[in-house]
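Colleague: Single-letter residue listing:
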Amino acid sequence: MLSNTDLQTLFLTFKVASFATFLMLLLGTPLAWWLARTRSAWKGVINAVVSLPLVLPPTVLGFYLLILMGPTGTIGQITHWLGLGTLPFTFAGLVVASVLYSLPFVVQPLQTAFASIGEQPLEAAATLRASPLDTFFSVIVPMAKPGFLTATILGFTHTVGEFGVVLMIGGNIPDKTRVVSVQIYNHVEALEYTEAHWLAGYLLAFSFIVLLLLYTTLKTQPVTHQLK
Amino acid sequence: MLITTFQRTSIIVALLLFGQSGWSATVLVAVAANFSKPMTDIAAEFEKETGHRANLALGSSGKFVSQMENGGPFEVLLSADEKGPEKLEQAGLTVPNTRFVYALGKLVLWSTMPDYVDNQGKILSTGDFKHLALADSKLAPYGVAAVEVLKNMKLFDKLQLFFVQGENIAQTYQFISTANAELGFIALSQVLENGKIANGSGWIIPDNLYAPIRQGAVLLKNGAENPAALALLEFLKSAPALAIIKKYGYALAQ
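These protein sequence lines map, in sequence, to chains G and Z.
For what it's worth, my numbering labels the leading residue of the first sequence as 1, then goes sequentially.
For what it's worth, my numbering labels the leading residue of the second sequence as 1, then goes sequentially.
In case anyone wonders, no lab produced these hints; they're calculated from the structure.
Since the structure is predicted, the reported quantities are computational estimates derived from the model, not experimental observations.
For glycine and all other residues, C-beta sits at the position ideal for the given N, C-alpha and C.
A couple of the hints might just be wrong.
What the hints assert, rightly or not - In the PhoX-like style, the derived pairs of lysine-lysine whose C-alpha atoms are separated by at most 25 Å in a straight line are:
1) Z/196 to Z/246
2) Z/138 to G/176
3) Z/83 to Z/221
4) Z/37 to Z/247
5) Z/87 to Z/237
6) Z/158 to G/176
7) Z/237 to Z/37
8) Z/37 to Z/138
9) Z/130 to Z/151
10) Z/122 to Z/196
11) Z/151 to G/176
12) Z/87 to Z/130
13) Z/130 to G/15
14) Z/48 to Z/237
15) Z/130 to G/176
What the hints assert, rightly or not - Residues from chain G that face chain Z, not an exhaustive set, calculated with beta carbons under 10 Å:
16) 42
17) 45
18) 83
19) 85
20) 86
21) 170
22) 171
23) 178
24) 185
25) 186
26) 188
27) 192
As the list claims (entries may be wrong) - Now the in silico label distances, taken between C-beta atoms and shown as ranges:
28) Z/55 to G/38: 46 to 52 Å
29) Z/83 to G/60: 28 to 34 Å
30) Z/155 to G/194: 29 to 35 Å
31) G/80 to Z/126: 19 to 25 Å
32) G/213 to Z/40: 48 to 54 Å
33) G/47 to Z/113: 40 to 46 Å
34) Z/125 to G/14: 36 to 42 Å
35) G/46 to Z/44: 42 to 48 Å
36) Z/130 to G/133: 41 to 47 Å
From just these sequences and the hints, can you work out the full model?
Modeller: Here's what the structure looks like:
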């Protein structure tokens, strides 16, 4: 069975993922909206930057973050100036890294959902004199609901599965940065295969169930169906 | 008799392909992270002296042991401890009677800041640091030694709150060298250049504060028939190799 330490790592992992997912939706929604609507020449560049974590090895991202967020790095100097200290080895640092790492998993489904809404509903809302904010919450959000659902779940689960970045900037501190993927890795390296099996099993079951729920729910309300 | 161009070319190609194969072979070596610098030098000497090649895979000993248990490809293991090679021996994955201690590891308390670490380690009780880096004692022998030092100094309970742990000693070095951790315990070999600590400041921990880090080497079954593997283990005991090992701050077993 799971030991207390293992449970701690599970709990911490979900905490990191929840914070990161919340921040990603907050940042990702306007970003995805802009990417879906803009005709700016910058669209390609921003799209490429947001998608970088999809192709970069997490260790590359982690290595850059360790240097940038450290005392001599640009981000590190800014956080130090703000009185926050430096971010590596902290819970906040892990959340920031997770946001960067999982952002494409939130932005891309949202961007697709926003793009598929098209001009018509927005024009209709405008003729009814809905304010932009009103349009957003009563037209766009309901129409893009499957996109939001996919974005939330993929952002969350991808953060749960994060490993390379945490290994580089985490420092394996109980209750702060020791997340479940690192704990499994440590169990395996310490040749504690039984403990590794238990934790890995939990994670596998969790991931499968969440994805199963996602795909079965989405099937009942596909994006195209709502548009008709 | 005239030799045609085709024949001439064939001879040259054959010479290039097989010319050395009778004499030179390649050995795949798993090397504990702390020994990466000396081993790179030793491998270069080894190639010069014997004509064989040594391909080095660097990482943590624990990982190499679990990879070998699951059919890993390595032919020689240079572990950071004796436990790894012993475990593989018990599992019947090594060639009998090939296990030996190739070096005794030295621990250092190190910081990138000059004049930060004093030569008695007083900084550990007086310093205002936020992070003390060390290798995970569950995985790395240098982590075990660091914990032992802190316990002997009666500082473990107090400093435990400041621990940031690297998965292996190379990662621990990374935490300190990027200044994310103000100071930490690493292998002396990682910071020693020409017999001196090259950057920052350090305290070479006295031997009486921790049990010797006995680093074991062993020939694995995969390498039993490989002349390069056998030659490498012999070379590790030779004078040129021992000189390199000493140069990087290790002590020699006997």
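Colleague: Are the hints correct? Go through all of them and say.
Modeller: Consistency of the hints with the structure:
1. The hinted pair formed by residue 196 of chain Z and residue 246 of chain Z meets the criterion: a straight-line CA distance of about 12 Å does not exceed 25 Å.
2. Taking the CA atoms of residue 138 of chain Z and residue 176 of chain G, the gap is about 18 Å. The hint holds against a cut of 25 Å.
3. Taking the CA atoms of residue 83 of chain Z and residue 221 of chain Z, the gap is about 18 Å. The hint holds against a cut of 25 Å.
4. Proposed proximity of residue 37 of chain Z and residue 247 of chain Z is supported: the alpha carbons are some 11 Å apart, at most 25 Å.
5. Between the alpha carbons of residue 87 of chain Z and residue 237 of chain Z the distance comes to roughly 23 Å, so the proposed pair stays at or under 25 Å and holds.
6. Only pairs whose Cα atoms come within 25 Å are accepted, and residue 158 of chain Z paired with residue 176 of chain G is accepted, the gap being roughly 18 Å.
7. For the suggested pair residue 237 of chain Z and residue 37 of chain Z, the alpha carbons sit about 17 Å apart, so the restraint of at most 25 Å is met.
8. A C-alpha spacing of about 24 Å is found between residue 37 of chain Z and residue 138 of chain Z, which places the hinted pair at or below 25 Å, so the restraint holds.
9. Between the alpha carbons of residue 130 of chain Z and residue 151 of chain Z the distance comes to roughly 19 Å, so the proposed pair stays at or under 25 Å and holds.
10. Using a Cα cut-off of 25 Å, the hinted pair residue 122 of chain Z and residue 196 of chain Z holds, with the two alpha carbons roughly 21 Å apart.
11. For the suggested pair residue 151 of chain Z and residue 176 of chain G, the alpha carbons sit about 24 Å apart, so the restraint of at most 25 Å is met.
12. Between the alpha carbons of residue 87 of chain Z and residue 130 of chain Z the distance comes to roughly 37 Å, so the proposed pair goes past 25 Å and is violated.
13. Distance check on the hinted pair: residue 130 of chain Z and residue 15 of chain G sit about 24 Å apart at the alpha-carbon level, within 25 Å; holds.
14. Restraint check for residue 48 of chain Z and residue 237 of chain Z: the C-alpha separation of about 16 Å stays at or below 25 Å, so the hint holds.
15. Distance check on the hinted pair: residue 130 of chain Z and residue 176 of chain G sit about 14 Å apart at the alpha-carbon level, within 25 Å; holds.
16. Contact between residue 42 of chain G and chain Z, as hinted, is not supported at the beta carbon level, the nearest pair being about 32 Å apart and thus beyond 10 Å.
17. At about 29 Å, the closest approach between the beta carbon of residue 45 of chain G and any beta carbon in chain Z exceeds 10 Å, and the interface hint on this residue is violated.
18. Hint status for residue 83 of chain G: violated, given a least beta-carbon distance of 14 Å to chain Z, over 10 Å.
19. Because the smallest distance between the Cβ of residue 85 of chain G and any Cβ of chain Z comes to about 7 Å, under 10 Å, the interface hint for this residue holds.
20. A hinted interface residue such as residue 86 of chain G counts as satisfied when its beta carbon comes closer than 10 Å to some beta carbon of chain Z; here the least separation is about 6 Å, so the hint holds.
21. About 8 Å separates the beta-carbon of residue 170 of chain G from the nearest beta-carbon of chain Z, less than 10 Å, and the hint is met.
22. The beta carbon of residue 171 of chain G comes within 3 Å of a beta carbon in chain Z, closer than 10 Å, and the hint placing it at the interface holds.
23. For the restraint placing residue 178 of chain G at the interface with chain Z, the shortest Cβ-Cβ distance is roughly 9 Å, inside the 10 Å limit, so the hint holds.
24. Checking residue 185 of chain G against chain Z: minimum C-beta separation of about 7 Å stays under 10 Å; hint holds.
25. Interface hint at residue 186 of chain G: satisfied, since its Cβ lies 6 Å from the closest Cβ of chain Z, which is below the 10 Å cut-off.
26. A hinted interface residue such as residue 188 of chain G counts as satisfied when its beta carbon comes closer than 10 Å to some beta carbon of chain Z; here the least separation is about 6 Å, so the hint holds.
27. Nearest Cβ of chain Z to the Cβ of residue 192 of chain G: about 9 Å, under the 10 Å cut. The hint holds.
28. The hinted window of 46 to 52 Å between residue 55 of chain Z and residue 38 of chain G holds, with their beta carbons roughly 50 Å apart.
29. Roughly 33 Å separates the CB atoms of residue 83 of chain Z and residue 60 of chain G, a value that falls within the hinted 28 to 34 Å.
30. Distance hint check: the CB atoms of residue 155 of chain Z and residue 194 of chain G are about 34 Å apart, consistent with the given range 29 to 35 Å.
31. A hinted range of 19 to 25 Å for the beta carbons of residue 80 of chain G and residue 126 of chain Z is consistent with their spacing of about 23 Å.
32. At roughly 51 Å, the beta-carbon separation of residue 213 of chain G and residue 40 of chain Z lies within the given 48 to 54 Å, and the hint holds.
33. Judged by the Cβ atoms, the range 40 to 46 Å given for residue 47 of chain G and residue 113 of chain Z holds: they are separated by roughly 42 Å.
34. The supplied range of 36 to 42 Å is met by residue 125 of chain Z and residue 14 of chain G, whose beta-carbon atoms lie about 38 Å from each other.
35. At about 47 Å, the CB distance of residue 46 of chain G to residue 44 of chain Z agrees with the hint of 42 to 48 Å.
36. For residue 130 of chain Z paired with residue 133 of chain G, a C-beta distance near 43 Å keeps the hint of 41 to 47 Å intact.
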